[in-house]
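With these hints in hand, go ahead and build the complete structure from the sequences.
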Amino acid sequence: MCGIAGFVNLRQPLSNDVLTTRAIRMADTLAHRGPDDAGVYADAAAQVALSFRRLSIIDLSAEGRQPMRSAGGRYHLVFNGEIYNFVELRRELEKLGCTFRGHADSEVLLAAIEQWGVAHALNRANGMFAIALWDSERRELSLARDRAGKKPVYYGWAGGCFAFASELKALRALPGFDAQIDRGALALFLRHNYIPAPYSIYDGVYKLRQAELLTLPSAAIATRHTPDELARFRQTFWSFADVVRDGTANPFNGGDREACDALERLLSKSVALRMVSDVPLGALLSGGIDSSTVTALMQAASSRPIKTFSIGFHERDYNEAEYAGAVAAHLGTDHTELYVSPTEAMAVIPKLPAIYDEPFADVSQVPTFLVSRLARRDVTVALSGDGGDELFAGYTRYLFAQRVAHAASLPGRRLIAGMLERRPAARWDEIFGRLPSVLHPAQVGDKLHKLAPLLREPDAVGIYRRLFSHWSEPETIVRAAEEPLTPLTDTTGQPPVAGFIERMMQLDFLTWLPDDVLAKVDRASMAVSLEVRCPLLDPDVIAFAWHLPRRLRVRNGRGKWLLRQVLGRYVPSELFERPKMGFDVPIGRWLREPLRDWAEALLDPARLVREGYFNPAPIRERWREHLTGERNWQYQLWDVLMFQAWLEAAQGRAVPVPASHAAAANEVAQ
Numbered sequence: 001m002c003g004i005a006g007f008v009n010l011r012q013p014l015s016n017d018v019l020t021t022r023a024i025r026m027a028d029t030l031a032h033r034g035p036d037d038a039g040v041y042a043d044a045a046a047q048v049a050l051s052f053r054r055l056s057i058i059d060l061s062a063e064g065r066q067p068m069r070s071a072g073g074r075y076h077l078v079f080n081g082e083i084y085n086f087v088e089l090r091r092e093l094e095k096l097g098c099t100f101r102g103h104a105d106s107e108v109l110l111a112a113i114e115q116w117g118v119a120h121a122l123n124r125a126n127g128m129f130a131i132a133l134w135d136s137e138r139r140e141l142s143l144a145r146d147r148a149g150k151k152p153v154y155y156g157w158a159g160g161c162f163a164f165a166s167e168l169k170a171l172r173a174l175p176g177f178d179a180q181i182d183r184g185a186l187a188l189f190l191r192h193n194y195i196p197a198p199y200s201i202y203d204g205v206y207k208l209r210q211a212e213l214l215t216l217p218s219a220a221i222a223t224r225h226t227p228d229e230l231a232r233f234r235q236t237f238w239s240f241a242d243v244v245r246d247g248t249a250n251p252f253n254g255g256d257r258e259a260c261d262a263l264e265r266l267l268s269k270s271v272a273l274r275m276v277s278d279v280p281l282g283a284l285l286s287g288g289i290d291s292s293t294v295t296a297l298m299q300a301a302s303s304r305p306i307k308t309f310s311i312g313f314h315e316r317d318y319n320e321a322e323y324a325g326a327v328a329a330h331l332g333t334d335h336t337e338l339y340v341s342p343t344e345a346m347a348v349i350p351k352l353p354a355i356y357d358e359p360f361a362d363v364s365q366v367p368t369f370l371v372s373r374l375a376r377r378d379v380t381v382a383l384s385g386d387g388g389d390e391l392f393a394g395y396t397r398y399l400f401a402q403r404v405a406h407a408a409s410l411p412g413r414r415l416i417a418g419m420l421e422r423r424p425a426a427r428w429d430e431i432f433g434r435l436p437s438v439l440h441p442a443q444v445g446d447k448l449h450k451l452a453p454l455l456r457e458p459d460a461v462g463i464y465r466r467l468f469s470h471w472s473e474p475e476t477i478v479r480a481a482e483e484p485l486t487p488l489t490d491t492t493g494q495p496p497v498a499g500f501i502e503r504m505m506q507l508d509f510l511t512w513l514p515d516d517v518l519a520k521v522d523r524a525s526m527a528v529s530l531e532v533r534c535p536l537l538d539p540d541v542i543a544f545a546w547h548l549p550r551r552l553r554v555r556n557g558r559g560k561w562l563l564r565q566v567l568g569r570y571v572p573s574e575l576f577e578r579p580k581m582g583f584d585v586p587i588g589r590w591l592r593e594p595l596r597d598w599a600e601a602l603l604d605p606a607r608l609v610r611e612g613y614f615n616p617a618p619i620r621e622r623w624r625e626h627l628t629g630e631r632n633w634q635y636q637l638w639d640v641l642m643f644q645a646w647l648e649a650a651q652g653r654a655v656p657v658p659a660s661h662a663a664a665a666n667e668v669a670q
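So for the sequence shown, my numbering puts the first residue at 1; every next one is plus one.
Just so you know, these hints were derived from the structure itself, not from any lab. Warning: the hint list may mix true and false statements.
EDC-like cross-link-like pairs, simulated, lysine to aspartate or glutamate; straight-line CA separation at most 16 angstroms [claimed, not checked]: (1) Lys450 / Glu630; (2) Lys447 / Glu430; (3) Lys307 / Glu337.
Here's what the structure looks like:
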């Protein structure tokens, strides 16, 4: 895993030394992504510079250094990620007459590009990657991102250059970078708790989408474009829409056992490919279905105990470590677990703006960083279970939303919604509180108020969008904002999917997976120089999952049926058959107690007015209701707080650290 950065200068020509110095400065901001080595390529004639920070995983020798020049001299490549089938591709290329200096997957990828062209080479590559390729013959720059969106690429016109990088901080290192905040992107952030591609927090800076290849000739580079205007320079080297169409048109028609055998074979192959490493390797084990399946298959493929890592919390409602420990004990892994106190967890919060580099507000970012830091003490590569929920219908919200959709089709649904909203949440809590405890869930009033607007939505996309909206009308919160289109508001080009659950899975793969789940893991793991690989996101597994009929995904009111059957071949069902928990922290309670002063400072109405991004009134009202316990607005408030903390850090001011955990924060910084 590595960091890439570079630029094409568009103004007064710069010398090779100046090009090199600026490219190195960009790469140095990404040292955490690649602490083992660095490199730079600069060409004053073309006014282009590519830079690289390396985390050595495959071929630790100097032959794996980047930027890398193709054998014919035409191409220069910087590449972040891993090509898992590089041995297979190398053999094929050798038969075509290619020769290789070393054993790095980057050299194989470059040879494949030279042999087959960029799009075809990327289509043949099974891996996670972000690349930048300079074609010195055609004076073209190509940028590309992997199928699932595992590795990030930011790009845009900044400081008199067209620039790209793995993280925004590298772009900010360019002289003259204009840090103008995109208010539309900020509105999207309040809706989703992340900023979806192709947008970023900065005006004029964008993200590549999944499987996107952007090839810009010099003439196009010289003119600033919006993402829509770049359409003629953009293509996809792999189509998720085609995968969905083919899978739903040709469903798997074998029996349960045949399906289980087929999935086990695919996953075993995918795990084995991702266990190739020249450095220590392990697994992030939460104890859930996905990570337990990956761990079980890793251990089955290993001749000695693999290393596994789990984070535990003393708050029982947030602790999965005991389940992970039981799975590890059964499989016989070399297991490490660390129980983290609230003080230690909260000590991560001041680091979040630097780690995520743009506003990001999934609260599981805290435990994700902690487990990554724990694993990095012993390994450089870790496998995870990311992608299982989106491919095998694992989220409980799928079945919940389907029930809501059914209720929303009934007569009188709007009347019911109005009735639910007319009574305050506290009043509903009081009414249900008179019943036996088994008949009223916690915070029932808050849940009924969240259900009401869902009943008004007309279709699956509307219900999904409302379900995922933290702030349902963010344009009323962000001043002078116009919310841009996303896959949730512009479904053009998305293949029709008959089933409600399948429609939600499709939308999750396009939005939530790349922009929340994978972004969270990438930034948290790379902050400590840990490479995380995702066997469940192998392209063959993705394709197979979309061939599965509903009965093999959902059965007896539970998702991931087929994945559970595979895991059951390795682990007794009593070790994993339990309600889904999620990788969370009690942020709502923390905001009322130890983080209250910190939050109050960031949400100060005078401050909000002075900064000019937010309308303070609705924010302050939700803060009041949260503090009094009238409503649980933890996620909406965390969105605003993460922007405020990021803004403070971006402006070079110290992030306020609550005194209650200042000592622990210093410990984390060491």
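**OP:** Report the numbers of all earlier hints that the structure fails to satisfy, in ascending order.
**Re:** none
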